[in-house]
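All chains, please: the whole structure from these sequences, using the hints.
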Amino acid sequence: MHMITQGKQKWAGLRGNRQLENEKQRAIRIGKSWLFKLVRFTLIAGISYVILGPMIGIVANSFFSNADKYSPIVYLIPQAPTLERYRLAIMRMDYWNVLLNMLVYVGVVTILQVLVCSLVGYGFARFHFPFKNLAFACVVIMIVIPSHSVMLPLYMTFQNFNPLGIVGLFNGGRGLNLLTTPYPMVIMTLFGSGLRSGLYIYIFTQFFRGLPKEIEEAAEIDGAGTAYTYLRIMMPNAMPAVITVAIFSLVWQYNDTFFARLFLISPDIVLSKKITSLQASISNLDRILDPSISMLYVYAGIVLMIIPIIALYVLLQKRFIEGVERSGIVG
Amino acid sequence: MRISHKKKLTGLLFISPFLVGFVAFYLRSLIQTVQFSISDVTLGQGAGFTLSFAGLRHYIFAMSAHGSFRQDLTVSILDMMIDVPLIIFLSLFMALLLNQQFKGRTMARAIFFLPVILNSEAIAAAISMARAMMMGGMSPMAADIVEASTSGSVNIGYYLYMLRELALPAGLLDYVVGAVTRINYIITASGVQLVIFIAALQSISPAMYEVAKIEGATSYETFWKVTFPLVLPLIVTNIVYTVVDSFTRSQVVELSYRTIFEFHNYPLGSVISLVSMLLVCTLLFFVSSAISKRTHYHN
Chain Y
1057 MHMITQGKQK
1067 WAGLRGNRQL
1077 ENEKQRAIRI
1087 GKSWLFKLVR
1097 FTLIAGISYV
1107 ILGPMIGIVA
1117 NSFFSNADKY
1127 SPIVYLIPQA
1137 PTLERYRLAI
1147 MRMDYWNVLL
1157 NMLVYVGVVT
1167 ILQVLVCSLV
1177 GYGFARFHFP
1187 FKNLAFACVV
1197 IMIVIPSHSV
1207 MLPLYMTFQN
1217 FNPLGIVGLF
1227 NGGRGLNLLT
1237 TPYPMVIMTL
1247 FGSGLRSGLY
1257 IYIFTQFFRG
1267 LPKEIEEAAE
1277 IDGAGTAYTY
1287 LRIMMPNAMP
1297 AVITVAIFSL
1307 VWQYNDTFFA
1317 RLFLISPDIV
1327 LSKKITSLQA
1337 SISNLDRILD
1347 PSISMLYVYA
1357 GIVLMIIPII
1367 ALYVLLQKRF
1377 IEGVERSGIV
1387 G
Chain A
6 MRISHKKKLT
16 GLLFISPFLV
26 GFVAFYLRSL
36 IQTVQFSISD
46 VTLGQGAGFT
56 LSFAGLRHYI
66 FAMSAHGSFR
76 QDLTVSILDM
86 MIDVPLIIFL
96 SLFMALLLNQ
106 QFKGRTMARA
116 IFFLPVILNS
126 EAIAAAISMA
136 RAMMMGGMSP
146 MAADIVEAST
156 SGSVNIGYYL
166 YMLRELALPA
176 GLLDYVVGAV
186 TRINYIITAS
196 GVQLVIFIAA
206 LQSISPAMYE
216 VAKIEGATSY
226 ETFWKVTFPL
236 VLPLIVTNIV
246 YTVVDSFTRS
256 QVVELSYRTI
266 FEFHNYPLGS
276 VISLVSMLLV
286 CTLLFFVSSA
296 ISKRTHYHN
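Taken in sequence, the protein lines are chains Y and A.
To convert, take the position in the first sequence, counting from 1, and add 1056; that gives the working numbering.
To convert, take the position in the second sequence, counting from 1, and add 5; that gives the working numbering.
One should not assume that every hint holds.
Some residues of chain Y that are not near chain A, with every Cβ distance over 10 Å (derived) [stated by the list, open to error]:
| id | residue |
| --- | --- |
| 1 | Ala1068 |
| 2 | Val1130 |
| 3 | Val1154 |
| 4 | Gly1179 |
| 5 | Gly1221 |
| 6 | Ser1249 |
| 7 | Asp1278 |
Restricting the straight-line Cα-Cα distance to at most 20 Å, the calculated cross-link-like pairs of lysine to aspartate or glutamate (DMTMM-like) are [what the hints assert, rightly or not]:
| id | chain 1 | residue 1 | chain 2 | residue 2 |
| --- | --- | --- | --- | --- |
| 8 | Y | Lys1125 | Y | Glu1276 |
| 9 | A | Lys12 | Y | Asp1342 |
| 10 | A | Lys11 | Y | Glu1276 |
| 11 | A | Lys12 | Y | Glu1273 |
| 12 | A | Lys230 | A | Glu215 |
| 13 | A | Lys13 | Y | Asp1342 |
Hint data in this document are derived by calculation from the structure and do not stem from the laboratory.
We put the beta carbon where it would ideally sit given N, CA and C, even for glycine.
Encoded structure:
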């Protein structure tokens, strides 16, 4: 009996103890924040794994030798790593030439995208003209209706390219066949209807809208013309949007297969087409008929294809993220 | 010439490349697609062809007699309905995670943005083709399932059976299982959405959060009363983007591509394109107008 009363008194004393109470609260708070950090870390690690998992597998497999592929104890780290996959993949894909062609093609298209879309975006953001809302609705239509829905007429347009009959005048009444060349893509980009141009125009419009008008007014009073204002004053201010659009355009054009397939663009210009046919050419030309071995070459080809993009991303990553945060994507 | 007139002209000049391109490539193509869909096309020499009016015959054929059109259309739309909400939730969630301050945030961001740049159909196609070759022509989808159920010692089917025995609604279970098996696709497809949401979160003024904190709002309340309403307009943008993106990869688009370029059935291919496009547009219209009603815009 005595023990119990003593215990109760002690307990009451403890409950009244402010310091202990504070310590307890603090411990709970710290525990909670640790738990939260743990959950956050687990989630981020898990999602990162889902994203990186296939890539890790592909990179590891591309170094496997034949023995590694069939060894049951080899997982991710090869016992006898080999560069043979890369050697043959580079040869069969004609890698360096195709990569160079591809970079030139993608680079030209990207520069055009940035120039044309910023021009159009500036027009929408700063000038008032009749039917402006209707024209902007057209931009939205272009975002919502993908080119996939109108592929047949596009194909035909460039199979017999004869705008307003002008080309026909020099070519005996017949249009030019631009298929298999990269020109259809360049022409479409030049007229603001290339790969996802609608989205880029939208981004630029929103960004220019967000810039203060005073900059241009000052320039105008100082005697700058419209072209000068746009090129030398607005564009430097629009760097975040330019970087965002440039990276999106570069990457999407590089990865694009739809237009490459639709316009039958030659595999000598488009790396992704080489990848698709890599396994077939390796099994036919080099008589490597075991599919799980020829698959290793495809893995090497995939690594070769994404290396330039990864390099670019690592270089521009910081500016890209800043650009995204400051660009007009959100309006 | 008055200055205002000159300004109008300059504005038109600025957007003229787009106008020309839109009319020459989009509008004209749309009209031609409609034209093809209601005509019989006879191919001539070279790029030549002649059209003769056929009425709605091709539409009726596609809807009633075509082997796989209706099925492909339904599957594509259903896939979209499963994927879109998941992608939106996941990307918003990831954006909220990445928007906090913690060690290694830069690296986490770099990894999370990777899907944007690795989103290549060519790579996916090469892998699935190689896999199909390895499985002896079995479809890659089936290969995935076989791989998932044989690798490791976990028998997923058994757990599914158990959950079903617990009388969980079959529809819900299917949805969750479907989501889990597609997690790879869903995470890789939410790159751009994540970028957009992060940009949106960054643009919310810190003063808002300060006010909420002073008024004594918990972080749960802050999310629903401050963050969510402010990113709601971007949810519409993201839904539009996601729907269009998943439409361009859907089976219907593939079907119309094959109909046109492999079977050279131009009218039927055009019908498939048009019907699927209209369906997606109406869907988008209803969803975005339903959300826009609840949205508060600043300007």
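These are the hints, each one checked on the structure:
1. Taking the minimum C-beta to C-beta distance to chain A, about 32 Å, the non-interface status of Ala1068 (chain Y) holds against the 10 Å cut.
2. Interface exclusion of Val1130 (chain Y) from chain A stands, the closest Cβ pair being 16 Å apart, more than 10 Å.
3. Distance check for Val1154 (chain Y) against chain A: the nearest CB is about 13 Å away, which clears 10 Å, and the non-interface claim stands.
4. The beta carbon of Gly1179 (chain Y) is not kept farther than 10 Å from every beta carbon of chain A, the shortest such distance being approximately 3 Å.
5. Residue-level check passed: Gly1221 (chain Y) sits 13 Å from the nearest beta carbon of chain A, beyond 10 Å.
6. A Cβ of chain A approaches the Cβ of Ser1249 (chain Y) within 10 Å, the least distance being about 4 Å, so the stated non-interface status is violated.
7. For Asp1278 (chain Y), the non-interface assignment is confirmed: its Cβ lies about 17 Å from the closest Cβ of chain A, beyond the 10 Å cut-off.
8. Simply put, Lys1125 (chain Y) and Glu1276 (chain Y) have alpha-carbon atoms about 68 Å apart, too far for the 20 Å limit, and the pair is violated.
9. Annotation: proposed proximity of Lys12 (chain A) to Asp1342 (chain Y) is violated, straight-line Cα distance about 65 Å (limit 20 Å).
10. At roughly 14 Å between alpha-carbon atoms, Lys11 (chain A) and Glu1276 (chain Y) fall within 20 Å of each other, so this suggested pair holds.
11. Pair hint Lys12 (chain A) plus Glu1273 (chain Y) holds up; C-alpha atoms about 13 Å apart against a cutoff of 20 Å.
12. The suggested pairing of Lys230 (chain A) with Glu215 (chain A) holds, with an alpha-carbon distance near 13 Å, which does not exceed 20 Å.
13. Restraint check for Lys13 (chain A) and Asp1342 (chain Y): the C-alpha separation of about 64 Å exceeds 20 Å, so the hint is violated.
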